[in-house]
Amino acid sequence: MEGITAILALGILAALLGLVLGLAARSIRVESDKVEEQIDALLPQTQCAQCGYPGCRPYAKAIAEGEADINLCAPGGDAAIRALADLLGREVKPMAHDVDPEESAVVAVVDEPRCIGCTLCIQACPVDAIVGAPRQMHTVIAAECTGCKLCLPPCPVDCIDLAPLPPADNGSAWARPDARTATA
Amino acid sequence: MNPTRIAVTPGRFHGGLKLDGHRKLASGKPITPLPLSERYFLWLAQHYGDAALPCVSVGERVLRGQVVALQEGQRGTPIHAPTSGIVRGFQDLPAPAADSSSASMLVIESDGEDRACTDLSGLAEWDCAAPETLVERIAQSGIVGLGGAVFATAAKIARAEAGVTLILNGAECEPYISCDDGLMRERANSIIGGAQILLRALGSSDCIIAIERDKPEAIAAMEVALRDAGDERFRLERIFSLYPAGGERQLIETLTGRQVPRGGLPQDIGLVCINVGTAAAIRHAVCEGRPLTSRVTTVTGPVLGAPGNFDVRIGTPVRELIAAAGGCNDPKARLIMGGPMMGIPLRDDRVPVIKAMNCLLALPESALADGRDQRPCIRCGECAEVCPARLLPQQMYWELRDERFEPARKFGLDACIECGCCDVVCPSHLPLTRYFRWGKGQLHRQTVERERAEHARQRFEARNARIGQQKAQREARLAAKREALEKARSDGNRGAAIDEIIARKKSSTAGNDDSGQTG
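Those protein sequences? They're chains A and B, same order as listed.
For the first sequence, position 31 matches number 31 in our numbering, and the numbering has no gaps at all.
If you want our numbering, it's the position in the second sequence, counting the first as 1, plus 1000.
Please keep in mind that the hints were generated in silico from the structure rather than gathered at the bench.
The structure presented is a predicted model; accordingly, all values stated were derived computationally and were not measured.
Yeah, the Cβ is synthetic: ideal placement off N, Cα and C, and Gly gets one too.
Just to be clear, a hint being listed does not mean it is correct.
According to the in silico footprint, chain B covers these stretches of chain A (three or more CB under 8 Å from chain B) [claimed, not checked]:
# : stretch
1 : 62-71
2 : 120-128
Derived lysine-lysine pairs resembling DSBU-like cross-links, with alpha carbons at most 30 Å apart [to be verified]:
#  : chain 1 : residue 1 : chain 2 : residue 2
3  : B       : LYS1029   : B       : LYS1018
4  : A       : LYS149    : B       : LYS1471
5  : B       : LYS1018   : B       : LYS1487
6  : B       : LYS1440   : B       : LYS1471
7  : B       : LYS1410   : A       : LYS93
8  : A       : LYS34     : A       : LYS61
9  : A       : LYS34     : B       : LYS1471
10 : B       : LYS1440   : A       : LYS93
11 : A       : LYS61     : B       : LYS1332
12 : B       : LYS1440   : B       : LYS1410
13 : B       : LYS1481   : B       : LYS1506
14 : B       : LYS1506   : B       : LYS1487
15 : B       : LYS1471   : B       : LYS1506
16 : B       : LYS1505   : B       : LYS1481
17 : B       : LYS1487   : B       : LYS1471
18 : B       : LYS1471   : B       : LYS1481
19 : B       : LYS1487   : B       : LYS1505
20 : A       : LYS34     : B       : LYS1481
The shape of chain A in the complex, shown without the other chains (with noise of 0.2 Å):
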């Protein structure tokens, strides 16, 4: 008898927890798009597709669903690997691509003597940041450039360069100070 009771009164435990549980996975799950939204965040959006995906956010869908690694995003550095690992909860990696981290951020510009206006560039572009017409001169919006270097490869004349970006004229710089240097 008292194992009878006993028995029972697990299983109705057991049966309870299983249904709080049931339940609460369902209402608190993580959504696969909102762990999407987050890598998301945490990727510079240069929309440059180095990492085999085109833009940021496929790369993102990527990761979310396991099929991409983290250290693919070389705009995003050691410091997107960084950060994704510890949303991910994963082990930081070393980046994949060859990068100079030491390179400064770009934005292209259009020669315009050079341009033919063949719209090229502008389809090539995924942030919408040339304008241009149809045999005419087309220009880059600095403002919106993200320095992704999409538009190089389809022109046919090469007159899109790469320049540095300009610092952020009011000079807040600092650098960081080293061992021997200190503040007069």
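Please arrange chain B on chain A, whose structure you already have, making use of the hints.
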């Protein structure tokens, strides 16, 4: 008695240091105007807020006080020509900014005549003018806070509610600097006049003038000016001289015993704090129609021949300031804009004077802290004892050393006023303030990058949405056409005719794509 009057309860701010003033070097001598320079160099980003937009062309003749660059954005300010002459374009020069970065400066070649522009005339009856008119005039005249923050004064006034208490900051607390001291001794009437204009612009009737006790001559001169003005809205407070008593938040705490909330502004607790030099500049702008094209600057240091206070035009190369102050007798001396505590090191003597330059200091190398050996932080807590912002410098240092910017921000990095007290007391000689300046810059950069990324993400998504929509529209159009065709073909004789045409078309050419180009 006015109900909004704030009771003065002599308080004391947290921390601070008693420092050797070194002010005797430059103070006491009359303010000397500098002779005209051949060329002036105007840095268009010399104030807080967006850089001014140049509005003159190369070769154009300009007059003194003429606008050469327009105000950009709400908190920007216009920039005026310091003398009459010819615009010579831009030149890259070391800027008086963080780590001596270069910036392009607008060059104006003086014609030696120094003719004034008559666009703005003095408002003789300013005491009947509407507050808005006064604020507009202050904005047009390029007035910014001359204590060092270079925040647009008009924007500051516009953000204050009516009935605030005006605090005139004459508590010049950093060693070596005495430009405000000199100004109060010699131009007390201008300062009081400027303050009266400010009271009208602010809709306020209460003004506290705060001066440190170690400036008896300035206090005496201001008292005389106050007696002459006979204005009951003013009170003069003598405050203890303790560095950094002249810091806005520290001064407010000293005068009222109240603290400005972190991340907030003095306006939030009904106060507006204006430097005495700014008040004098406002007086000149409103009463004489003279925009801000010059300021009083202390040129001092133990290696200079004849230190003193000078009335210098904005844009003068500091080389000429040194020459006016008797030259420098130490070829290895270091130049600093500002005082020894908060100053910014200058790369060389080509740097031009900017509105923020209250002092040009030349120190021998031996007086600088660079050579001292750094040792590890021992967590002694001395820095927290002296921090006037009530922060934990050692903790912020530990976070920043390992580039943990976000935790450093949580420990109040943004509230650091960069006074340098912690550097002075640190037994391990750590360059704490340098770390904080660097950390603030990095945090700012991260914010800008995040904003840029968010913007790019929106544009990327908008583009994808547009391309998707165009594709869907085209498909819908094609489907409609196909459907119409099918319908026609099922219609007896016409159907046979259509089939025949299609067959002919297929055999004649490979067919042209009707895909249009977009972009």
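Checked hints:
no.	hint	verdict
1	62-71	violated (count 0)
2	120-128	holds (count 5)
3	LYS1029(B) <-> LYS1018(B)	25 Å, holds
4	LYS149(A) <-> LYS1471(B)	26 Å, holds
5	LYS1018(B) <-> LYS1487(B)	96 Å, violated
6	LYS1440(B) <-> LYS1471(B)	47 Å, violated
7	LYS1410(B) <-> LYS93(A)	28 Å, holds
8	LYS34(A) <-> LYS61(A)	10 Å, holds
9	LYS34(A) <-> LYS1471(B)	27 Å, holds
10	LYS1440(B) <-> LYS93(A)	28 Å, holds
11	LYS61(A) <-> LYS1332(B)	59 Å, violated
12	LYS1440(B) <-> LYS1410(B)	12 Å, holds
13	LYS1481(B) <-> LYS1506(B)	18 Å, holds
14	LYS1506(B) <-> LYS1487(B)	21 Å, holds
15	LYS1471(B) <-> LYS1506(B)	26 Å, holds
16	LYS1505(B) <-> LYS1481(B)	17 Å, holds
17	LYS1487(B) <-> LYS1471(B)	24 Å, holds
18	LYS1471(B) <-> LYS1481(B)	15 Å, holds
19	LYS1487(B) <-> LYS1505(B)	20 Å, holds
20	LYS34(A) <-> LYS1481(B)	41 Å, violated
Checked against the numbered hints listed earlier, the structure breaks hints 1, 5, 6, 11, 20; every other hint is satisfied.
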